[in-house]
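> These protein sequence lines map, in sequence, to chains A and B. So the mapping is simple: the numbering used here equals the position in the first sequence, first residue as 1, plus 17. So the mapping is simple: the numbering used here equals the position in the second sequence, first residue as 1, plus 79.
Worth flagging that the hints you see were computed from the coordinates, not collected in a lab. One should not assume that every hint holds.
Quick list of simulated restraints, FRET-style, between CB atoms [stated by the list, open to error]:
1. A:GLY318 with B:GLY231: 32 to 38 Å
2. A:HIS225 with B:ARG492: 52 to 58 Å
3. A:GLN223 with B:GLU685: 32 to 38 Å
4. A:PRO115 with B:THR710: 31 to 37 Å
5. B:GLU99 with A:PRO179: 49 to 55 Å
6. A:PRO179 with B:ARG460: 41 to 47 Å
7. A:HIS225 with B:THR571: 28 to 34 Å
8. A:GLY318 with B:THR710: 39 to 45 Å
Computed far set for chain A versus chain B, every beta-carbon distance over 12 Å [as the list claims (entries may be wrong)]:
9. GLU100
10. THR226
11. ALA321
12. ASP353
13. MET370
From the derived model, a few chain B residues whose C-beta atoms are all more than 10 Å from chain A [as the list claims (entries may be wrong)]:
14. THR83
15. THR118
16. GLU409
17. ALA518
18. ALA546
19. ASP552
20. THR557
21. GLY588
22. PHE597
Beta carbons are placed, not taken as given, at the ideal position from N, Cα and C, and that holds for glycine.
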Amino acid sequence: MTTEIETLQDELLAEVAGVADLAALEASRVAALGKKGRITAQMKGLGKMDPDQRREAGAALNKVKDVVAEAIEARRLGLHEVELEARLATEGIDVTLPVRQQPQGRIHPVSQVMDEIAAIFADMSFTIAEGPDIEDDFHNFTALNIPPEHPARQMQDTFYLPQREDGMPMVLRTHTSPVQIRTMQDTPPPHRIVVPGRTYRSDSDQTHTPMFHQIEGLVIDRDIHMGHLKGTLEAFCQAFFEVDNVRFRFRPSYFPFTEPSAEVDIGCSYEGGNLRIGEGDDWLEILGCGMVNPRVLENCGLDASEWQGFAWGMGIDRIAMLKYGIPDLRAFFDSDLRWLHHYGFVPLDVPTMSGGLSR
Amino acid sequence: MKFTLSWLKDHLDTDATLVEITDKLTAIGLELEEVEDRTEDLAPFTVGYVVEAKQHPNADRLRVCIVDTGEGQIQVVCGAPNARTGMKGVFAPSGTTIPGNGMLLKPSNIRGEDSNGMLCSEREMGLSDEHDGIIELAEDAPVGAPFAQIMGLDDPVIDINVTPNKQDCLGVRGIARDLAAAGMGTLKPLDATPVEGSYDSPVDVELNFEAGYEAACSCFLGRHFRGLKNGPSPEWLRRRLTAIGLRPISALVDMTNFITYDLGRPLHVFDAGKVTAPIQARMATAGETFLALDGKDYELDGEITVIADQKAAEAIGGVMGGEASGCTDETTEMFLEAALFDAHRTAATGRRLGIESDARYRFERGVDPAMVRPGVEVATRMVLEMCGGETSHTVLAGTPDVPAKVVAFRPARVTELIGIDVDEEEQRKILSDLGFGIAGKSGNWQVTAPTWRTDIDGEADIVEEVARIAGFDRIVSTPLPRLSVTAKPALTLSQRRRPTAKRALAVRGMMECVTWSFMPRRFAELFGGGTEDMLLANPISSELDAMRPSMLGNLILAAGRNGDRGFDDVALFEVGPQFRDATPKGQDFVAAGLRRGRDNRRHWAETPRPVDAYDAKADALAVLEAIGAPTASIQIATEAPGWYHPVRSAVMRLGPKNVLAAFGEIHPRILDRMDVTGPMVAFEVFIDNAPLPKAKATRNRAELLVSDLPSVQRDFAFVVDEATTADSIVRAAKGADKAFIGDVNVFDIYAGKGIEDGKKSVAITARLAPKDATLTDPEIEAIAAKIVAAVAKATGAVLRG
Numbered sequence: 018m019t020t021e022i023e024t025l026q027d028e029l030l031a032e033v034a035g036v037a038d039l040a041a042l043e044a045s046r047v048a049a050l051g052k053k054g055r056i057t058a059q060m061k062g063l064g065k066m067d068p069d070q071r072r073e074a075g076a077a078l079n080k081v082k083d084v085v086a087e088a089i090e091a092r093r094l095g096l097h098e099v100e101l102e103a104r105l106a107t108e109g110i111d112v113t114l115p116v117r118q119q120p121q122g123r124i125h126p127v128s129q130v131m132d133e134i135a136a137i138f139a140d141m142s143f144t145i146a147e148g149p150d151i152e153d154d155f156h157n158f159t160a161l162n163i164p165p166e167h168p169a170r171q172m173q174d175t176f177y178l179p180q181r182e183d184g185m186p187m188v189l190r191t192h193t194s195p196v197q198i199r200t201m202q203d204t205p206p207p208h209r210i211v212v213p214g215r216t217y218r219s220d221s222d223q224t225h226t227p228m229f230h231q232i233e234g235l236v237i238d239r240d241i242h243m244g245h246l247k248g249t250l251e252a253f254c255q256a257f258f259e260v261d262n263v264r265f266r267f268r269p270s271y272f273p274f275t276e277p278s279a280e281v282d283i284g285c286s287y288e289g290g291n292l293r294i295g296e297g298d299d300w301l302e303i304l305g306c307g308m309v310n311p312r313v314l315e316n317c318g319l320d321a322s323e324w325q326g327f328a329w330g331m332g333i334d335r336i337a338m339l340k341y342g343i344p345d346l347r348a349f350f351d352s353d354l355r356w357l358h359h360y361g362f363v364p365l366d367v368p369t370m371s372g373g374l375s376r
Numbered sequence: 080m081k082f083t084l085s086w087l088k089d090h091l092d093t094d095a096t097l098v099e100i101t102d103k104l105t106a107i108g109l110e111l112e113e114v115e116d117r118t119e120d121l122a123p124f125t126v127g128y129v130v131e132a133k134q135h136p137n138a139d140r141l142r143v144c145i146v147d148t149g150e151g152q153i154q155v156v157c158g159a160p161n162a163r164t165g166m167k168g169v170f171a172p173s174g175t176t177i178p179g180n181g182m183l184l185k186p187s188n189i190r191g192e193d194s195n196g197m198l199c200s201e202r203e204m205g206l207s208d209e210h211d212g213i214i215e216l217a218e219d220a221p222v223g224a225p226f227a228q229i230m231g232l233d234d235p236v237i238d239i240n241v242t243p244n245k246q247d248c249l250g251v252r253g254i255a256r257d258l259a260a261a262g263m264g265t266l267k268p269l270d271a272t273p274v275e276g277s278y279d280s281p282v283d284v285e286l287n288f289e290a291g292y293e294a295a296c297s298c299f300l301g302r303h304f305r306g307l308k309n310g311p312s313p314e315w316l317r318r319r320l321t322a323i324g325l326r327p328i329s330a331l332v333d334m335t336n337f338i339t340y341d342l343g344r345p346l347h348v349f350d351a352g353k354v355t356a357p358i359q360a361r362m363a364t365a366g367e368t369f370l371a372l373d374g375k376d377y378e379l380d381g382e383i384t385v386i387a388d389q390k391a392a393e394a395i396g397g398v399m400g401g402e403a404s405g406c407t408d409e410t411t412e413m414f415l416e417a418a419l420f421d422a423h424r425t426a427a428t429g430r431r432l433g434i435e436s437d438a439r440y441r442f443e444r445g446v447d448p449a450m451v452r453p454g455v456e457v458a459t460r461m462v463l464e465m466c467g468g469e470t471s472h473t474v475l476a477g478t479p480d481v482p483a484k485v486v487a488f489r490p491a492r493v494t495e496l497i498g499i500d501v502d503e504e505e506q507r508k509i510l511s512d513l514g515f516g517i518a519g520k521s522g523n524w525q526v527t528a529p530t531w532r533t534d535i536d537g538e539a540d541i542v543e544e545v546a547r548i549a550g551f552d553r554i555v556s557t558p559l560p561r562l563s564v565t566a567k568p569a570l571t572l573s574q575r576r577r578p579t580a581k582r583a584l585a586v587r588g589m590m591e592c593v594t595w596s597f598m599p600r601r602f603a604e605l606f607g608g609g610t611e612d613m614l615l616a617n618p619i620s621s622e623l624d625a626m627r628p629s630m631l632g633n634l635i636l637a638a639g640r641n642g643d644r645g646f647d648d649v650a651l652f653e654v655g656p657q658f659r660d661a662t663p664k665g666q667d668f669v670a671a672g673l674r675r676g677r678d679n680r681r682h683w684a685e686t687p688r689p690v691d692a693y694d695a696k697a698d699a700l701a702v703l704e705a706i707g708a709p710t711a712s713i714q715i716a717t718e719a720p721g722w723y724h725p726v727r728s729a730v731m732r733l734g735p736k737n738v739l740a741a742f743g744e745i746h747p748r749i750l751d752r753m754d755v756t757g758p759m760v761a762f763e764v765f766i767d768n769a770p771l772p773k774a775k776a777t778r779n780r781a782e783l784l785v786s787d788l789p790s791v792q793r794d795f796a797f798v799v800d801e802a803t804t805a806d807s808i809v810r811a812a813k814g815a816d817k818a819f820i821g822d823v824n825v826f827d828i829y830a831g832k833g834i835e836d837g838k839k840s841v842a843i844t845a846r847l848a849p850k851d852a853t854l855t856d857p858e859i860e861a862i863a864a865k866i867v868a869a870v871a872k873a874t875g876a877v878l879r880g
């Protein structure tokens with residue numbers, strides 16, 4: 018290679034190395050490799066040479082061209098990195114600022130607990146049955162072995178609506194039990210249902226609201242006894258309260274639609290103002306139950322010598338309060354945003370037996 | 080039902096402790112409500128003798144007393160005006176807690192004099208409000224004796240809850256019988272041997288009923304007494320009545336109250352000098368009035384049973400006696416009534432007249448028909464014992480109807496129904512102890528119910544008797560057999576939509592509420608309800624007197640309440656029932672929600688905007704999507720109910736009739752009437768109107784057919800009449816060439832400068848998807864031309880220049 022070409026390479030490389038930014042680099046590239054660039058000018062001079070000289074100088078010039086092009090590209094990447102770093106340094110944000118809002122609603126505790134109950138009883142082969150809130154006197158009372166003059170009607174403060182044209186008194190159901198009657202009338206045994214729903218009693222004070230929620234259970238088959246009732250309720254309470262052991266006390270009681278009847282107390286303790294279900298020496302009444310009265314079976318057209326079974330009923334609001342430590346029943350129905358946000362459940366927390374009922 | 084331990088022991092011979100007894104009461108179905116045992120509370124208090132009471136040297140109103148406690152002499156500074164030498168009072172040593180005020184007594188020095196205890200007033204003892212001086216005990220009260228014992232306060236008061244079927248336990252004797260059967264001792268015999276009368280009763284009794292009314296009073300047994308001296312009853316009786324919350328009145332009246340509670344047998348005593356014989360039981364006549372013992376006048380009618388003399392009604396049968404013929408301290412001649420009144424009629428009378436009484440409570444639950452005569456004999460003894468005098472022969476009208484209820488009973492049913500093993504021998508003992516008669520052979524018994532068990536109806540009742548006495552604690556928990564190896568769904572498809580709807584709305588930032596099924600009538604009327612058939616006959620208040628025709632009313636009120644608390648931006652929903660008519664089928668399951676205020680809080684990066692009808696529309700669509708309604712087929716029609724803004728609302732329909740949802744702004748007039756600040760937007764989704772998917776044999780989805788060839792977007796701006804709906808443009812565009820046209824979206828609406836008055840510009844973008852080959856420019860132009868033509872044809876639109 019001639020000294021002239023070597024000098025050219027050295028000069029061009031020095032220029033590339035010396036540029037300050039991408040614009041100057043581009044200028045250097047044009048000055049070296051552009052149409053009017055120095056290497057291009059040298060290339061043009063090759064035509065005047067004889068073949069041997071041309072071959073030698075051409076190879077040398079091509080090499081210079083490659084070396085310079087490579088240097089420019091390396092320099093471009095280097096300058097690019099520097100510029101990027103400089104730009105990034107100016108792009109800071111306050112990562113502590115609150116994110117854009119995606120308001121999240123809440124599921125009411127009554128709905129959540131109903132879903133929990135459905136999950137548990139589905140696992141025990143029950144289905145959910147329902148009935149109307151406005152009931153006729155027959156389904157709410159008479160068919161349940163509560164005739165008009167029965168003292169049990171005085172146990173419940175019933176809301177009445179104007180009576181039907183045929184003289185049938187209409188009531189707001191005082192319990193979910195009329196759905197037992199509708200189920201037994203409409204479908205053949207065996208039965209294994211739970212009935213969640215709104216119920217109404219003319220009662221309003223610290224612990225009573227004129228509307229509340231009940232869950233009713235009914236099992237009718239040929240050989241169902243009170244031991245099954247106890248087993249079912251124990252299994253439910255263990256699952257619902259999410260404890261390994263639950264102590265139970267069955268006390269004889271009276272409901273016209275069951276015979277024998279019992280009220281059930283669940284073991285509990287109060288520690289530092291906190292209620293713990295399942296353990297402890299105290300008792301808490303949680304539900305009423307019994308073996309379905311043969312009169313009720315007969316009222317539904319079932320042969321009481323063939324079919325028997327049990328029924329129970331308990332307050333959904335009440336077990337929600339017990340499980341989640343919610344103090345005031347009346348607040349359930351007040352729709353206070355703060356209460357709903359605090360005691361409500363996020364919508365994706367769907368209770369399942371596989372994933373658990375609550376977190 | 081209240082009674083005291085000593086009262087129980089009149090009937091029950093037992094060594095059981097109070098706790099054993101109260102535990103057993105609960106175990107056999109006589110649930111313990113409360114036991115008040117003051118023995119422990121009052122143990123430190125004893126009878127103290129004031130040896131000397133002298134003036135306190137440094138205080139005018141105080142005295143320094145030396146009290147003999149029986150165990151020594153103690154100095155007490157006392158402020159009571161009646162503290163004096165030689166009296167006996169209630170002494171409390173230092174270290175005692177005073178029941179009336181919870182104060183702990185400490186040794187102290189009051190103005191220079193030591194005081195090491197206290198002499199107590201009635202208020203301090205928690206006995207009454209009396210605080211003018213200290214309690215003065217009888218002179219013969221033994222010094223050092225427990226105060227509780229002296230005052231009869233050592234008799235625990237037991238309160239139990241008696242269920243309506245256990246009317247036999249509305250008398251202490253019945254409770255004792257149950258306890259004896261449950262192994263708590265032995266039932267003592269009742270002395271009801273007849274007391275011989277010494278003369279014929281000058282007052283005769285009659286049953287005077289027209290045909291059909293005989294059951295109102297089936298039996299009337301009476302007895303005359305003379306030479307009586309009425310007055311305060313003996314202390315033991317007064318104490319017992321006071322202990323259970325009754326006010327002692329006079330020996331004769333207290334006797335009837337005592338026997339009501341002792342034997343569950345209500346009685347009545349007339350002042351024989353104030354009645355004109357004979358006395359009869361009859362139906363009242365319409366308009367007859369009666370002044371009862373409670374001092375109130377009652378107007379009677381032909382369905383009410385009365386006991387009357389020849390002039391007027393003197394008692395409402397089974398409910399309450401009369402003021403005019405009641406016994407007083409001056410009574411010397413008395414006529415005792417023991418009658419049997421019909422349970423249903425007594426209940427109806429009591430309800431109609433609004434009278435609660437111990438007699439009504441018992442008669443309406445069923446009084447032992449065989450207790451008429453024994454009740455009279457026990458009462459006779461008490462009267463003669465307390466008031467002296469003599470008694471007549473009894474007079475009787477009618478006969479007590481004492482049915483012998485026989486029930487076929489298979490002892491094996493106890494195991495079959497309860498799941499516990501109780502052998503025949505144990506069952507026989509339990510039933511006999513409860514008074515049941517047993518006949519028949521092993522395995523098949525004929526069980527006769529005792530006369531006091533008017534509730535026994537069938538075999539299940541006998542099973543219950545055996546089980547409750549044998550003990551429910553013997554029931555062994557048994558798992559229900561599983562019906563399938565893995566669990567099947569508990570919810571039907573239609574039931575599953577409700578939780579789904581709830582969670583879909585909560586995900587959209589809405590809060591779930593549960594509001595009353597009722598609402599104020601004046602507001603229900605705003606939502607098409609509040610008609611007579613939907614009003615409660617006995618509402619708890621006028622704010623809750625009508626069944627809700629729509630849930631929006633309650634949600635609007637809830638928004639108002641939250642606004643009052645300073646939370647103006649709300650997004651509330653409820654999924655629940657609303658009521659079309661007052662029949663069991665007149666109820667719909669609805670998801671309803673409303674929003675007010677801004678969609679978000681103020682934020683550094685985005686500006687909150689006021690919610691509008693499109694938010695409500697989106698909410699409604701979200702529910703419909705979530706429950707699987709065919710949203711692509713929905714038609715929008717501006718036919719929303721009257722509670723929505725007339726031109727900012729619509730319904731979503733399938734076909735011409737099936738309304739799936741309504742949405743829009745709430746009519747400002749409604750908000751005005753309800754006094755809640757708006758604007759508000761709301762929706763109602765009629766969940767059950769959405770058709771359920773058809774049952775399918777397989778869960779397979781249809782095959783996905785898509786092309787990898789690039790699709791293209793084309794935008795069009797149409798100028799249309801202002802009234803032209805966006806939906807009609809989109810539908811026309813989509814229908815222009817279904818093979819190639821995919822999504823069509825509205826991306827701009829403009830009216831104003833550059834657009835003729837009464838017109839607007841609607842810009843849409845359409846995605847054109849190729850099928851077999853990439854679309855060429857001429858093909859694209861051809862499709863675009865079809866779109867323009869179709870929209871022009873449907874809406875009269877022209878392309879914006």
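> Decide, hint by hint, whether the structure agrees.
Each hint, compared with the structure:
| no. | hint | in the structure |
| --- | --- | --- |
| 1 | A:GLY318 with B:GLY231: 32 to 38 Å | violated (59 Å) |
| 2 | A:HIS225 with B:ARG492: 52 to 58 Å | violated (38 Å) |
| 3 | A:GLN223 with B:GLU685: 32 to 38 Å | violated (45 Å) |
| 4 | A:PRO115 with B:THR710: 31 to 37 Å | holds (34 Å) |
| 5 | B:GLU99 with A:PRO179: 49 to 55 Å | holds (53 Å) |
| 6 | A:PRO179 with B:ARG460: 41 to 47 Å | violated (55 Å) |
| 7 | A:HIS225 with B:THR571: 28 to 34 Å | holds (32 Å) |
| 8 | A:GLY318 with B:THR710: 39 to 45 Å | holds (44 Å) |
| 9 | GLU100 | holds (29 Å) |
| 10 | THR226 | violated (9 Å) |
| 11 | ALA321 | violated (9 Å) |
| 12 | ASP353 | violated (7 Å) |
| 13 | MET370 | violated (8 Å) |
| 14 | THR83 | holds (23 Å) |
| 15 | THR118 | holds (23 Å) |
| 16 | GLU409 | holds (39 Å) |
| 17 | ALA518 | holds (22 Å) |
| 18 | ALA546 | violated (5 Å) |
| 19 | ASP552 | violated (7 Å) |
| 20 | THR557 | violated (4 Å) |
| 21 | GLY588 | violated (3 Å) |
| 22 | PHE597 | violated (8 Å) |
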